[in-house]
Amino acid sequence: MATIHLEVVTPSGPVVNEDVDIVSAPGYGGDFGVLANHSLFLSTIKIGGLVYKQAGTEKHLMVSGGFCEVSNNKITFLVESAESGFDIDAERALRAKERAEKRLAEAKTQQEKINITRAEAALQRALARLKVAEKSPR
Amino acid sequence: MPSLKDVKTQITGVKKTSQITKAMNMVSAAKLRGAQQKMEDFRPYAGKFNEALGSISSNMKSNEFPLMQARDVNTIEIIIVTSDRGLCGSFNANIIKMAEKLMNKYEAEGKKVSFVCIGKKSIRYFKKTGKVRKAYADIMGTFQMFNAREIAQDVAANFIAGEADEVQLVFGSFVSVARQVPTTIPFLPVQPIAAAEEAAGQSAGQQGAYTYEPSPEEIMNVLLPLYMNVMVYNSMLEVGASEQAARMTAMDNATNACNDIVANLTMIYNKARQAAITGDLMDIVGGAEALKG
Numbered sequence: 001m002a003t004i005h006l007e008v009v010t011p012s013g014p015v016v017n018e019d020v021d022i023v024s025a026p027g028y029g030g031d032f033g034v035l036a037n038h039s040l041f042l043s044t045i046k047i048g049g050l051v052y053k054q055a056g057t058e059k060h061l062m063v064s065g066g067f068c069e070v071s072n073n074k075i076t077f078l079v080e081s082a083e084s085g086f087d088i089d090a091e092r093a094l095r096a097k098e099r100a101e102k103r104l105a106e107a108k109t110q111q112e113k114i115n116i117t118r119a120e121a122a123l124q125r126a127l128a129r130l131k132v133a134e135k136s137p138r
Numbered sequence: 001m002p003s004l005k006d007v008k009t010q011i012t013g014v015k016k017t018s019q020i021t022k023a024m025n026m027v028s029a030a031k032l033r034g035a036q037q038k039m040e041d042f043r044p045y046a047g048k049f050n051e052a053l054g055s056i057s058s059n060m061k062s063n064e065f066p067l068m069q070a071r072d073v074n075t076i077e078i079i080i081v082t083s084d085r086g087l088c089g090s091f092n093a094n095i096i097k098m099a100e101k102l103m104n105k106y107e108a109e110g111k112k113v114s115f116v117c118i119g120k121k122s123i124r125y126f127k128k129t130g131k132v133r134k135a136y137a138d139i140m141g142t143f144q145m146f147n148a149r150e151i152a153q154d155v156a157a158n159f160i161a162g163e164a165d166e167v168q169l170v171f172g173s174f175v176s177v178a179r180q181v182p183t184t185i186p187f188l189p190v191q192p193i194a195a196a197e198e199a200a201g202q203s204a205g206q207q208g209a210y211t212y213e214p215s216p217e218e219i220m221n222v223l224l225p226l227y228m229n230v231m232v233y234n235s236m237l238e239v240g241a242s243e244q245a246a247r248m249t250a251m252d253n254a255t256n257a258c259n260d261i262v263a264n265l266t267m268i269y270n271k272a273r274q275a276a277i278t279g280d281l282m283d284i285v286g287g288a289e290a291l292k293g
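Chains as they are written, first to last, in our numbering: chain Y, 1 to 138; chain G, 1 to 293.
The hints are simulated quantities; they were obtained by calculation from the structure and are not laboratory data. Virtual Cβ for every residue (Gly too), placed ideally from N, Cα, C. Misleading hints may appear alongside valid ones.
List time: in silico DSS-like cross-link candidates among lysine-lysine, alpha-carbon distance up to 27 Å [stated by the list, open to error]:
no.: 1; chain 1: G; residue 1: K48; chain 2: Y; residue 2: K46
no.: 2; chain 1: Y; residue 1: K53; chain 2: G; residue 2: K48
no.: 3; chain 1: G; residue 1: K38; chain 2: Y; residue 2: K46
Residues of chain G clear of chain Y, computed beta-carbon distances all greater than 10 Å [what the hints assert, rightly or not]:
no.: 4; residue: A52
no.: 5; residue: M98
no.: 6; residue: K111
no.: 7; residue: R124
no.: 8; residue: V132
no.: 9; residue: A209
no.: 10; residue: A257
Distance ranges between label pairs, derived from CB positions [as the list claims (entries may be wrong)]:
no.: 11; chain 1: G; residue 1: A178; chain 2: Y; residue 2: G13; range: 22 to 30 Å
no.: 12; chain 1: Y; residue 1: L94; chain 2: G; residue 2: V222; range: 27 to 35 Å
no.: 13; chain 1: Y; residue 1: S12; chain 2: G; residue 2: K111; range: 37 to 45 Å
With the sequences and hints as input, model every part of the structure.
Set out below in structure tokens:
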């Protein structure tokens, strides 16, 4: 099967750099899949799960905001952070989720409302982590 | 002639100082390795980023985006990045000097200058001018991306609000362990980068145009602030590494100077000791001669 080269780069270094069969990622307009020899493409990336298949095995990554570029049979993700499903501490993510939910529910004063965006982002990250962790068998 | 005891105390003192400088040298060497590693980790991200930005911005008119709009320049903001701590030779002084020169130049042209200071050293220096708009202390040690984002967002908002018509970034660029050069780069309005344009030229020659999702304009609105983050973060990393390298050199020089002083003092000490012995001998010989009669 024809493969496409996948690169995931974060400010703290490259995370993935290998040839894969298919990549699926959370784009601006929803999840999109990329196979070998895809046409030129550029999209922003939301917080969520990135899945790629390599020789029949699926691997999951949690990515946070950034963008991705497809050109020359190569797909490059530039994201703020990326964590492999195996590295995610599910319990910690669960705690973070509860914390964020609590904060959102309790925010009433003006001062607290400013922090809503931050809490929402934290919640999204926690949810994405949990989802990715669930899919990665230990 | 100083007394034997005085010289001895001085020697011990200098030796103790050299122990400290030697320890600081080794600490900086270890920290430098960490900082350099972070810089190297970040480089692929920054490189890829510029490529992508170049390929998009080549298809667009720069006037459409507030962050790329060039205006008549009346007010200028200078972002200056220095270290939080001293004892690193002339490293911080050089950056500050460069920023001050820039300030004097602009003010001579009748423009208003304001500062955004990152790192305690620049904050302390420019505080007395009363032109510091924002100061960020104690964030150099950790190199967190969100710190860079906060600064970039603040500067961008200030630029868009029309408070500053142009923003310059002054920092100590890391060339090698032995060389750190104060550098000024134009920060806002964002100008298409030369390297990025080159990359854009290559991709334009390829198979047709990109599919953008969402529209190129909206992508640019995401990319431009990100680009600013990348620039600020990069300058922080460079200053972090430069600081450690500069301190390493400075402390190495200090240790050498200490060793020289100890050698000199030991010479003086030995001479004084010899003189004392000679004096004592003369007394004894003189006494014996006198007894012989």
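To see whether the hints hold, each was checked on the structure:
With a C-alpha separation of about 19 Å, the suggested pair G/K48 and Y/K46 falls inside the 27 Å cut-off, and the hint holds. For the suggested pair Y/K53 and G/K48, the alpha carbons sit about 24 Å apart, so the restraint of at most 27 Å is met. Between G/K38 and Y/K46 the CA atoms are separated by roughly 25 Å; this keeps the pair inside 27 Å, and the hint holds. Not every C-beta of chain Y lies more than 10 Å from that of G/A52, the closest at about 5 Å, which undercuts listing it as non-interface.
Separation of G/M98 from chain Y is adequate, the least Cβ-Cβ distance of about 27 Å exceeding the 10 Å criterion. Every beta carbon of chain Y lies more than 10 Å from that of G/K111, the smallest distance being close to 34 Å; the non-interface claim holds. In this structure G/R124 is separated from chain Y by more than 10 Å, as the shortest Cβ-Cβ distance comes to about 29 Å. Every Cβ of chain Y is farther than 10 Å from the Cβ of G/V132; the closest lies at roughly 25 Å, confirming the non-interface assignment.
For G/A209, the requirement that its beta carbon stay farther than 10 Å from each beta carbon of chain Y is not met, with the minimum near 7 Å. Non-interface status of G/A257 relative to chain Y is upheld: no Cβ of that chain comes within 10 Å, the nearest being about 39 Å off. Hint check: G/A178 to Y/G13, Cβ distance near 26 Å, so the stated range 22 to 30 Å holds. Checked against the hint of 27 to 35 Å, the pair Y/L94 and G/V222 passes, with Cβ atoms roughly 30 Å apart.
The hint said 37 to 45 Å for the Cβ distance between Y/S12 and G/K111, and at roughly 38 Å that hint holds.
Hints 4 and 9, counting from the list given before, are not met by this structure.
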